[in-house]
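*Asks:* Given the coordinates of chain Y, assemble chain P onto it according to the supplied hints.
2 protein chains.
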Amino acid sequence: MSHIHLHRVLPYSKRLMNAVVLPGETVIDATAGNGNDTYFLAELVGEKGKVFAFDIQESALAATAERLGPLNDRVSYHLDSHANVDRYVERPIGGAMFNLGYLPYSEDKTIITKPDSTIEAVHKILGLLKKGGIITISVYDGHEGGKEESDALIEYVQSLHQADVHVIRYELMNLRNNPPFLIAIEKLRDFEEVTRIERTES
Amino acid sequence: MSHIHLHRVLPYSKRLMNAVVLPGETVIDATAGNGNDTYFLAELVGEKGKVFAFDIQESALAATAERLGPLNDRVSYHLDSHANVDRYVERPIGGAMFNLGYLPYSEDKTIITKPDSTIEAVHKILGLLKKGGIITISVYDGHEGGKEESDALIEYVQSLHQADVHVIRYELMNLRNNPPFLIAIEKLRDFEEVTRIERTES
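Those protein sequences? They're chains Y and P, same order as listed.
Taking our numbering, the leading residue of the first sequence gets 1, the next gets one more, and so forth.
Taking our numbering, the leading residue of the second sequence gets 1, the next gets one more, and so forth.
Chain Y extracted, bound-state conformation (with noise of 0.2 Å):
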């Protein structure tokens, strides 16, 4: 069914990096997990562009690794937090994509990404995004400590000023199996750290 307008989760978010995306850019997968969205960031950004790639399991990046077979080239790999990202990566980038919660298919489902770890990479991204660029972040919170995170989240981004970004919530509502939910950063303007702001208005 391509012809539906309102999308699910994932779907959309890679037709927002479509949108924004250049060929030959830099962007960011900040959760490699099994490689999908890696794979879909190597296609856009073209032979000339570059994926930078960070997984906390090796078991995630070989994934990647195999899923992206003659792609690999236009790959960055980092067994690393995305919150060390500014180690990395260098303004501008294009865009970004996470996925959190723990890794889809793993026995260890103990392993799953943190709020404080995850506001701060995405926190250090905005500071490299270009003017017009999109972070795009799928938010599971049916697991074990994904309320928290999610509310964690939530807190943070609704704290950046409306001048600096616009902040979106976007989800399906009659679905069954708890699917994700998505948050997406548009950066309206150039700057290098996102303005926060105290909300004292209800």
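Any given hint could turn out to be false.
Because identical chains cannot be distinguished in the list, a pair is counted as satisfied if it fits within a single copy or across any two copies.
What the hints assert, rightly or not - Simulated crosslink set (SDA-like; lysine to any residue; CA at most 25 Å straight-line): (1) K14 x E198; (2) K124 x L6; (3) K48 x D151; (4) K130 x G142; (5) K109 x G132; (6) K131 x L172; (7) K48 x E144; (8) K130 x M173; (9) K14 x G46; (10) K147 x G69; (11) K147 x E171; (12) K124 x D141.
Rather than coming from a laboratory, the hints here were simulated on the basis of the structure.
*Replies:* Same frame as chain Y, now just chain P:
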């Protein structure tokens, strides 16, 4: 800033209508208000199309008719509840727009849309809609009675079968001044009455 991809709710709802409504089709403005959506829809359907505009306040229909000017011959006005939409409109329609709450700039803010009639109207319009058509509902819940209406509407749309429709919630997360959120419903297959199901999971 026409390059923004993460639009606010009102422009996003117009983009959805723009994507699915064809010239010459019939569409519905379920809450004519000051006529902004009626005008947008009248332009969208073109000179062979028709907009059915509903409002329970005569002043709203008068303001809308004034706003429409030369496009008035594309509009059929109904001083009646949108819950009675099926008395006036025949299948199929291309799309429908709702703006819940009270009439903007009205002195009497006690005249508001109500849960039962809103849900009845949405339910009937889902039957009237073409396959692939979309209903957009901009929900304001900051006023007295607003939260009650949005909660009832959310419960209703969550009961719609995922094989019949996709329902999304879309909102800006970091704007001040209580902006509306959007509920949009896309009809995935042809039916005369949408299936409601009991949700027992989570």
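*Asks:* When the hints from earlier in the document are held up against this structure, which numbers fail?
*Replies:* 1, 3, 4, 5, 7 and 10
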